[in-house]
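There are 2 protein chains.
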Amino acid sequence: MATDPSAAIVTVGTELVTGQRLDTNGAEIASALLTSRFAVVEMLSVADDAARLADHLARLCAECTLVIVTGGLGPTHDDITRDAASRALGRVLVRDAAIEATLTRIVALHHEPDAATQIMTQADVLEGATVIMPTTGTAPGQIVPTPGGSLVLLPGPPAEMRPMLSTFLSQRHPGTPPVRLRSTGIPESDAQIAAQRVIGDARGVGLTVLAAPADVEVVLFDEGAGPRELARLGASICTELGDACYSTDGSSLPETVLALARTRGVMLACAESCTGGKIASALTDVAGSSDVFEGGVVAYSNRLKTTALGVAAPLIDQYGAVSEQAARAMAAGVANLTGAQYAVATTGIAGPTGGAADKPVGLVWFGLSTPTGITARSQGFSGDRQGVRTRATMFALDLLRHALSERE
Amino acid sequence: MATDPSAAIVTVGTELVTGQRLDTNGAEIASALLTSRFAVVEMLSVADDAARLADHLARLCAECTLVIVTGGLGPTHDDITRDAASRALGRVLVRDAAIEATLTRIVALHHEPDAATQIMTQADVLEGATVIMPTTGTAPGQIVPTPGGSLVLLPGPPAEMRPMLSTFLSQRHPGTPPVRLRSTGIPESDAQIAAQRVIGDARGVGLTVLAAPADVEVVLFDEGAGPRELARLGASICTELGDACYSTDGSSLPETVLALARTRGVMLACAESCTGGKIASALTDVAGSSDVFEGGVVAYSNRLKTTALGVAAPLIDQYGAVSEQAARAMAAGVANLTGAQYAVATTGIAGPTGGAADKPVGLVWFGLSTPTGITARSQGFSGDRQGVRTRATMFALDLLRHALSERE
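Chains as they are written, first to last, in the working numbering: chain U, 1 to 408; chain D, 1001 to 1408.
Think of the hints as simulated: they come from the structure by calculation, not from any bench. One or more of the hints may lead you astray.
[To be verified] Heads up, incomplete: computed chain D residues facing chain U, CB under 7 Å, no partners named:
{"#": "1", "residue": "V1017"}
{"#": "2", "residue": "R1021"}
{"#": "3", "residue": "A1027"}
{"#": "4", "residue": "S1031"}
{"#": "5", "residue": "V1041"}
{"#": "6", "residue": "M1043"}
{"#": "7", "residue": "L1044"}
{"#": "8", "residue": "A1047"}
{"#": "9", "residue": "E1294"}
{"#": "10", "residue": "G1295"}
{"#": "11", "residue": "V1298"}
{"#": "12", "residue": "Y1300"}
{"#": "13", "residue": "S1301"}
Glycine is no exception: its CB is placed at the ideal position from the N, C-alpha and C atoms.
Given only the sequences and the hints, what does the whole structure look like? Please build it.
Here it is in structure tokens:
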């Protein structure tokens, strides 16, 4: 929208353009800028080439209100961001006394004397810049005035970049945060059609629909409609999406499941074969999960299904490990082992090998144990091994969500 | 190097610059171009803005030998790549009869008649382009002559993009694949110094060092030295890196551990607390892991440590769950439960809460069960919750690697 200030993001490093390191800073910063109501027009990764970077910075700093650069602020000869920014803006580099003092102490403690000269270049900042002192690492961030507005230089390592980005953005008016509706088990195009149907001719609302495997997010952002209207439309879209919509505040599916369990005062467990630990990982990724997650068994071999979960060997012989019977027995077994009130089990064929005519790659059986009993269902998933495992993990978490959401 | 042809990669889509979708195409294409001996100078993500994209394409097509664009080739009004390329190169769009015939059949079978006009725009190709017929999906790829060399337009969805990229690159001379040495437990800077010390003044070799948490990769690429010299240098650097170097062919640490177990004819298991399933997930991510991985227990609660792994409740009361004693008991317990010859256990404090003066956040105890007995060690890990879990997972896998590598 014309009124949103424009922004560009530049990530510096040859490892990014050789594809060896996936750039996560760009997406992370872009997401933060979206929340802060910037319109990101361009996101660029460049090699460690000072001349090329200087050309891009000169162009972007003239055009955009905000340009954020990450990387190239280290102490090696490949770290070219300071020089490139200096050239692009015609501002000399001056040595900052506070940073220099910090680096002198570090050099004395940790590095070979020969490295001192290089390390000290991290104390050079552009004339007129505001320094952002590092909370972790040694490279400072810099906020530099430009023809368009501001240029912000941040270190490359995400753990160093994040606190500085947060500090910088929190000093600005944050704007209305976007409304994020997340759903699973619905195609991206269906979610988009549903959202557009609700929005209709309403003005001042921006819509983006984002899709990860089995995880579709509808994002509404404020282009003038205001927070109350945004919330109203969000609630309507959530109703339109129906059962597929699992959160309205951007919470992930694992976070949603854990919150439901916490509200009900129950414990969760999982028994995994083809998902191989991904369900447990997803739940334990969330801080505080130990309040409601007992744990689980990754019963990858048939033997372990029997010894740890009590799945009778004759049952596996008769019906196979990928069967309704095995799924039910695994769910009952892990519930019994852990005492958890709600448990989910997975057993299936992730691929690429192992499929057969009657049990193709992508087939997964799910067992569910709840206070009312044991149920099971099967589902076929498309995609490669990673895709099947990821989608089956989301499906299992969604089974828990539904079970935890039912009124008793 | 001056003799390497230059390349640029452009990924199109507003979802990329709002940070909602992480761009994986760029890194994937860049990696493929590295192998094909292109020097990627720039990687760019742009919003669905035909004018901006046209400006960039005009600039890059004049400068670079190869420009690859993904995204924006779909049937909706947001799909602006065809128009932008047409403008940038001054080539009109013409309707390709073969694509049109395919789309006509698809429209008749699957879509509402109203959508037909939009869908048919996918049959428009730049005058003079070579069409790459789609093997999956409906959008064709295009190879278009430019002042610098070639512009290649590919669909955005990775599953559609990959086969076309592969087709295009295989028609060119593939070049010597890079040598990839992977290591863990060594700082990135130490690996770089070691590699540079070995390479010395040798000519015709390019070096990149890439770091993920606890996973440093030294990449050597052929800039004229030839495959034999590259392999020789790779072997020397591996020796220089010593024990930290776990693979010399780009294999990941989980792949390496599974291969060692397969060679020895043994089974593996894991008992996880703070890593919460990540070790099991990492191993089962690899197809064929069921040959050597029995499974494991995610003993997240103290209760489950006792009931599933036989860790005595009084032991946990006396020493705590995060202790040498608990780690040993967990390793012994899961080895006993699964019959695996090699098992690793983790118990620690991933954070952000749960730390204390004597047991800070990041402390993890590791238990190891091998045919020769049970051992344990502790390690402190920096970073946030995700960082501690990831690094502890790598450390646990590396303990298995060392144990499996010992001569008996």
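A quick look at each hint next to the structure:
no., hint, result
1, V1017, "4 Å, holds"
2, R1021, "6 Å, holds"
3, A1027, "4 Å, holds"
4, S1031, "3 Å, holds"
5, V1041, "6 Å, holds"
6, M1043, "4 Å, holds"
7, L1044, "5 Å, holds"
8, A1047, "6 Å, holds"
9, E1294, "5 Å, holds"
10, G1295, "4 Å, holds"
11, V1298, "4 Å, holds"
12, Y1300, "4 Å, holds"
13, S1301, "5 Å, holds"
Hint check: no violations occur; every hint is consistent with the structure.
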